[in-house]
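Going down the list, the sequences are from chains Z and Y.
Under full-length UniProt numbering, the first residue of the first sequence carries the number 1, and numbering increases by one thereafter.
Under full-length UniProt numbering, the first residue of the second sequence carries the number 1, and numbering increases by one thereafter.
It is possible that part of the hints are untrue.
[As the list claims (entries may be wrong)] Each computed DSS-like pair below joins lysine-lysine, with the alpha-carbon atoms no more than 27 Å apart:
#1 564(Y) x 51(Z)
#2 385(Y) x 324(Y)
#3 613(Y) x 91(Z)
#4 455(Y) x 51(Z)
#5 789(Y) x 779(Y)
#6 789(Y) x 801(Y)
#7 322(Y) x 136(Y)
#8 324(Y) x 173(Y)
#9 52(Z) x 564(Y)
#10 324(Y) x 197(Y)
#11 455(Y) x 564(Y)
#12 51(Z) x 613(Y)
#13 5(Y) x 91(Y)
#14 51(Z) x 677(Y)
#15 664(Y) x 726(Y)
#16 593(Y) x 582(Y)
#17 613(Y) x 52(Z)
#18 455(Y) x 91(Z)
#19 509(Y) x 486(Y)
#20 779(Y) x 664(Y)
#21 677(Y) x 59(Y)
#22 726(Y) x 59(Y)
#23 40(Z) x 52(Z)
#24 789(Y) x 664(Y)
#25 102(Y) x 91(Y)
#26 726(Y) x 324(Y)
#27 340(Y) x 361(Y)
#28 361(Y) x 385(Y)
#29 455(Y) x 52(Z)
#30 52(Z) x 600(Y)
#31 51(Z) x 600(Y)
#32 385(Y) x 322(Y)
#33 6(Y) x 27(Y)
#34 197(Y) x 59(Y)
#35 582(Y) x 613(Y)
#36 564(Y) x 91(Z)
[Said to hold, decoys possible] What the simulated footprint calls covered on chain Z by chain Y, stretch by stretch (three residues with Cβ under 8 Å from a Cβ of chain Y suffice, anywhere in the stretch; the number is not a length):
#37 21-29
#38 49-56
It should be emphasised that the hints constitute simulated quantities derived from the structure, not laboratory data.
Ideal Cβ positions, reconstructed from N, Cα and C, are used throughout, including at glycine.
In case you want the letters, here they are:
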Amino acid sequence: MVKASTFTLVGQRDDIPRLGSRRVRTPAGEIALFRTSDDKVFALRNECPHKKGPLSEGIVHGHSVTCPLHNWVISLETGEAQGADTGCTGKLAVEVRDDGSIYLAIPSGMAEAAVA
Amino acid sequence: MTKSKKPRLVIVGNGMAGIRTLEELLKRAPDTYDVTVFGQEPRLNYNRIMLSPILAGEKAYQDIILNDWDWYEANNIRLHAGDPVIGIDQKRGFVFSAAGRKVAYDKLLLATGSEPIVIPVPGHKKNGVITFRDMKDVETMIDGAGRLQHAVVIGGGLLGLEAAYGLSTLGMKVTVLHLAPHLMERQLDTAAGTLLKQELERRGLDIILEADTAEITGDDRVEGVRLKDGRSFPADLVVMAVGIRPNTWLARSHGLATGRGILVDDHMITSNPDILAIGECVEHRGLCYGLVAPIWDMARAAADTLAGSDGKGYQGSAISTKLKVTGVDLFSGGDFSGGKGTEDIVFRDAARGVYKRLVVKENQLIGAVLYGDTGDGPWYFQMIKDGTDITPLRGTMAFGQGFEEGALSDPFKAVADLPADAEICGCNGVCKGTIQTAITEGGLTSLAEVRAHTKASSSCGSCTGLVEKLIGFTLGDGYVADSGPKPLCGCTSLDHGEVRRLIVAKGIKDIPSVFQALEWRTPDGCHTCRPAVNYYLLCAWPGEYQDDARARFINERVHANIQKDGTYSVVPRMWGGVTSAKELRAIADVVDKFNIPTVKVTGGQRIDLLGIKKDDLTAVWADLGAAGMVSGHAYGKSLRTVKTCVGTDWCRFGTQDSTGLGVKLEHATWGSWMPHKFKMAVSGCPRNCAEATIKDFGIVCVDSGYELHVGGNGGIHVRATDLLCKVTTEEEAIEYCMAFIQMYREEAWYLERTAPWIERVGIDHIRDRLTSDSEVRIKLRDRFLLSQKDAQDDPWAARAKGVDAHEYQLLATIG
Chain Z
1 MVKASTFTLV
11 GQRDDIPRLG
21 SRRVRTPAGE
31 IALFRTSDDK
41 VFALRNECPH
51 KKGPLSEGIV
61 HGHSVTCPLH
71 NWVISLETGE
81 AQGADTGCTG
91 KLAVEVRDDG
101 SIYLAIPSGM
111 AEAAVA
Chain Y
1 MTKSKKPRLV
11 IVGNGMAGIR
21 TLEELLKRAP
31 DTYDVTVFGQ
41 EPRLNYNRIM
51 LSPILAGEKA
61 YQDIILNDWD
71 WYEANNIRLH
81 AGDPVIGIDQ
91 KRGFVFSAAG
101 RKVAYDKLLL
111 ATGSEPIVIP
121 VPGHKKNGVI
131 TFRDMKDVET
141 MIDGAGRLQH
151 AVVIGGGLLG
161 LEAAYGLSTL
171 GMKVTVLHLA
181 PHLMERQLDT
191 AAGTLLKQEL
201 ERRGLDIILE
211 ADTAEITGDD
221 RVEGVRLKDG
231 RSFPADLVVM
241 AVGIRPNTWL
251 ARSHGLATGR
261 GILVDDHMIT
271 SNPDILAIGE
281 CVEHRGLCYG
291 LVAPIWDMAR
301 AAADTLAGSD
311 GKGYQGSAIS
321 TKLKVTGVDL
331 FSGGDFSGGK
341 GTEDIVFRDA
351 ARGVYKRLVV
361 KENQLIGAVL
371 YGDTGDGPWY
381 FQMIKDGTDI
391 TPLRGTMAFG
401 QGFEEGALSD
411 PFKAVADLPA
421 DAEICGCNGV
431 CKGTIQTAIT
441 EGGLTSLAEV
451 RAHTKASSSC
461 GSCTGLVEKL
471 IGFTLGDGYV
481 ADSGPKPLCG
491 CTSLDHGEVR
501 RLIVAKGIKD
511 IPSVFQALEW
521 RTPDGCHTCR
531 PAVNYYLLCA
541 WPGEYQDDAR
551 ARFINERVHA
561 NIQKDGTYSV
571 VPRMWGGVTS
581 AKELRAIADV
591 VDKFNIPTVK
601 VTGGQRIDLL
611 GIKKDDLTAV
621 WADLGAAGMV
631 SGHAYGKSLR
641 TVKTCVGTDW
651 CRFGTQDSTG
661 LGVKLEHATW
671 GSWMPHKFKM
681 AVSGCPRNCA
691 EATIKDFGIV
701 CVDSGYELHV
711 GGNGGIHVRA
721 TDLLCKVTTE
731 EEAIEYCMAF
741 IQMYREEAWY
751 LERTAPWIER
761 VGIDHIRDRL
771 TSDSEVRIKL
781 RDRFLLSQKD
791 AQDDPWAARA
801 KGVDAHEYQL
811 LATIG
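From just these sequences and the hints, can you work out the full model?
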């Protein structure tokens, strides 16, 4: 895992609907935050490893999201494509504090990774 | 005179045969000849075999033009349309025309076609007696149908029945008089002829067999037809369609050798080596042809000759026939007259209305008649043409190609024969070798796995059968095809029908309860079942069930179409396809203001704004809404568009206010969620300019009212509509429309369009419920109206005001 820099406050858990998502814009590209039905919050780069489909627009189910462009199913826990597909989208560390605040860790090497 | 002067080719006949020869010649040897074409009809070259669909209102003249003026001009062809050639001077090499033109030729091609036979019974020259041969006849019929009531068609062959069907769809009461004891006796045997008669009678035609016409009665104008046995039938229009004969007058009167037609050799050369002849006017090896396929073969041979290349010439054609009457499946090919040394293989399935007869001679198939299920026609026809030895197929060939491929010792022959680089799945560009490698290396054993690993058959699905065969071929005995109803998705073992039924039976009213009560295997379902269940709940409990946006695909959640780059497109609703300067100006302003890169007119007569950033969506909608425009639902499994023509407002052929009716339909039905996208159209006359017969619900206006069509699809599998019924008022048309939509909403599976739904349940089932029982229809209509009460609010307006703002706004911006 890429080394995290600082955790940044991006919002409240209740800003994200259950089985929904929100987007956070960063210099390294968009990050998608997902909230599952068991109230966990996950963060992935907002790009499917297949054709860069915006994962934030997909349908969330279990701990997975289905990309809206071509129905690849991506694990929210690992960023890995599920089933027979292979590929991984960047996963980011995220923390939900007791008051429901969401802190997102922007990895220091991400800007370069996004360019490459 | 310059030396480079090109040889001169004159073509007599601007029809399909002459012009196809010219096209073939231009392919082989462009710019070789100086070409002049004479045509008797004052028209462009058109596709004569499409006259029947024109008459039936399924096509318009514009649709059947083969080559327009530009084509003649671009190829430097002089066309004298409406000026028949009346003489040939073979000695000096020129032709002269009725209008007094005199044109020299080095090569002359006669393509004079054929002429309809008119039986010279008393009265055959009266006004109102016509043939069915060219556009003029069709125009007379369409024009007559608007004013006249009774039509009599003399002749129950291919042409006669197509004319009768066309006139009947135009609203006339039609009687067919046929001399022989069964219909289409040259193409069908008695059994198939009887089935055809029953079907046409069900569609309202009166068919009188063994009807020998004695006289056409009336003063100046036709009033009726009397038979030799004394029976008589009223007629305002009489169509003679008893056959055609080769038009040999020009050739015969100038001394060219003729039999029934102009005699030609295999290179289409007549008795004069500088004169060729082709098409329906010729006789080749003792045969005259009246169908199009042989003409294409002849055209190639004639073009070879004219281009000076050595083709093998024309070898004669086996011919097959289909009747162009919508919804009647009928095929015949080869020689099925039977007789000495032939044997018949007959297959009947009374319940399905299927009849097949195969005629075998010396272990070869020589003829086939198919009724009700013609899918295997081309397969049989290929065997007839190839002279295939059918000994190994004999026991089972009546069941068709599908059965052969599943049951014979080499069931996978078709797929085995393909090269490794043959493309199996066009959507995803997957070839045979890739799939086989995936199967063998990945140890795949099912269609689902192959789909997952290769993407083959995972998009449109039209290659599914081929992929299944390939799996079977690759695995041999290890493969067992999927059977039984397919579960809705991997989260449940229930199929769509069961889920729907249980939702209603158990009174379940939200998604989590469905998953609980029906023992879903996953906590939240998946992207396949959630939208389906959401829809089923919405349909079952209108007004009660709260739509769940999170169970909707992104397009329906944000009311715009997601594009490949993550931007969106939006389509404002334009009721009935009508817009105004104000709306266009507002659209133009939005395009400028938000730098929208592409503005495109859609197939449904709406304007698509493509490439809008998600963050701009609500602002775009606010501006469009300020000009009075609402969402066009171009992204939804819902009513999309109602395409219209201009109807009586502007069109000289329009019979009803098709635009107005389209607007009313759109106002009545917009906003309703459906199993899949739903498109409608209203055409103001049988020319069908709005293409209503490939829509989910289409209306073709006729003088006497409105023809309602259902189940058309212009998508992956093109399907023309089935005629549901005819009604006389706009109110009825709208009532039927709403009832049909409701029935579709209640009975079709999610993501099933009307075409596959109708093919699954049968049009009769739909007709039964909608047309036979007005109480059922009205109840359906009422349930539709009930569901519309909550459905018709503009999602764009709501979102422009802030509903679901989280969908459009960033949670945070860092850096």
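Now for the hints, and whether the structure bears them out:
A C-alpha spacing of about 8 Å is found between residue 564(Y) and residue 51(Z), which places the hinted pair at or below 27 Å, so the restraint holds. For the given pair, residue 385(Y) sits about 23 Å from residue 324(Y) by alpha-carbon distance, which is consistent with the 27 Å threshold. About 25 Å separates the Cα atoms of residue 613(Y) and residue 91(Z), which keeps this hinted pair within 27 Å; it holds. Note on residue 455(Y) and residue 51(Z): the hinted pairing holds, with a Cα-Cα distance of about 14 Å set against a maximum of 27 Å.
With a CA separation close to 16 Å, the supplied pair residue 789(Y) and residue 779(Y) stays within the 27 Å bound. Proposed proximity of residue 789(Y) and residue 801(Y) is supported: the alpha carbons are some 21 Å apart, at most 27 Å. A distance of roughly 24 Å separates the Cα atoms of residue 322(Y) and residue 136(Y); the hinted pair therefore holds under the 27 Å criterion. For the hint linking residue 324(Y) to residue 173(Y), the alpha-carbon distance of about 19 Å falls within 27 Å, and the restraint holds.
Using a Cα cut-off of 27 Å, the hinted pair residue 52(Z) and residue 564(Y) holds, with the two alpha carbons roughly 9 Å apart. Pair hint residue 324(Y) plus residue 197(Y) holds up; C-alpha atoms about 15 Å apart against a cutoff of 27 Å. For the proposed pair residue 455(Y) and residue 564(Y), the alpha carbon gap of about 18 Å is at most 27 Å, so the pair holds. Between the alpha carbons of residue 51(Z) and residue 613(Y) the distance comes to roughly 18 Å, so the proposed pair stays at or under 27 Å and holds.
Pair hint residue 5(Y) plus residue 91(Y) holds up; C-alpha atoms about 21 Å apart against a cutoff of 27 Å. Between residue 51(Z) and residue 677(Y) the alpha-carbon distance is near 26 Å, which keeps this suggested pair within the 27 Å criterion. For the hint linking residue 664(Y) to residue 726(Y), the alpha-carbon distance of about 18 Å falls within 27 Å, and the restraint holds. Of the pairs offered as hints, the one joining residue 593(Y) and residue 582(Y) holds, with about 16 Å between alpha carbons and a cut-off of 27 Å not exceeded.
The hinted pair formed by residue 613(Y) and residue 52(Z) meets the criterion: a straight-line CA distance of about 16 Å does not exceed 27 Å. As the CA atoms of residue 455(Y) and residue 91(Z) are separated by approximately 26 Å, the hinted pair is consistent with the 27 Å bound. Using a Cα cut-off of 27 Å, the hinted pair residue 509(Y) and residue 486(Y) holds, with the two alpha carbons roughly 24 Å apart. For the hint linking residue 779(Y) to residue 664(Y), the alpha-carbon distance of about 21 Å falls within 27 Å, and the restraint holds.
Among the hinted pairs, residue 677(Y) with residue 59(Y) is consistent with the structure: their alpha-carbon atoms are about 25 Å apart, no more than 27 Å. Restraint check for residue 726(Y) and residue 59(Y): satisfied, since their Cα atoms lie roughly 19 Å apart, inside the 27 Å limit. Restraint check for residue 40(Z) and residue 52(Z): satisfied, since their Cα atoms lie roughly 24 Å apart, inside the 27 Å limit. With a CA separation close to 16 Å, the supplied pair residue 789(Y) and residue 664(Y) stays within the 27 Å bound.
Restraint check for residue 102(Y) and residue 91(Y): the C-alpha separation of about 14 Å stays at or below 27 Å, so the hint holds. Distance hint between residue 726(Y) and residue 324(Y) is fulfilled; the C-alpha atoms sit about 21 Å from each other, no more than 27 Å. Only pairs whose Cα atoms come within 27 Å are accepted, and residue 340(Y) paired with residue 361(Y) is accepted, the gap being roughly 9 Å. Distance check on the hinted pair: residue 361(Y) and residue 385(Y) sit about 13 Å apart at the alpha-carbon level, within 27 Å; holds.
A hinted pair counts as satisfied when its Cα atoms are at most 27 Å apart, and residue 455(Y) with residue 52(Z) qualifies at roughly 18 Å. A hinted pair counts as satisfied when its Cα atoms are at most 27 Å apart, and residue 52(Z) with residue 600(Y) qualifies at roughly 25 Å. Note on residue 51(Z) and residue 600(Y): the hinted pairing holds, with a Cα-Cα distance of about 24 Å set against a maximum of 27 Å. For a cut-off of 27 Å, the pair hint linking residue 385(Y) to residue 322(Y) stands: about 17 Å separates their Cα positions.
With a CA separation close to 17 Å, the supplied pair residue 6(Y) and residue 27(Y) stays within the 27 Å bound. Between the alpha carbons of residue 197(Y) and residue 59(Y) the distance comes to roughly 25 Å, so the proposed pair stays at or under 27 Å and holds. Distance hint between residue 582(Y) and residue 613(Y) is fulfilled; the C-alpha atoms sit about 24 Å from each other, no more than 27 Å. For the hint linking residue 564(Y) to residue 91(Z), the alpha-carbon distance of about 23 Å falls within 27 Å, and the restraint holds.
Interface restraint, the segment 21-29 of chain Z with chain Y: holds (6 residues with C-beta to C-beta distance below 8 Å; minimum three). Coverage of the segment 49-56 of chain Z by chain Y holds in this model, with 4 residues showing a Cβ closer than 8 Å to a Cβ of that chain against a need of three.
Violation of the numbered hints given earlier is absent; every hint is satisfied by the structure.
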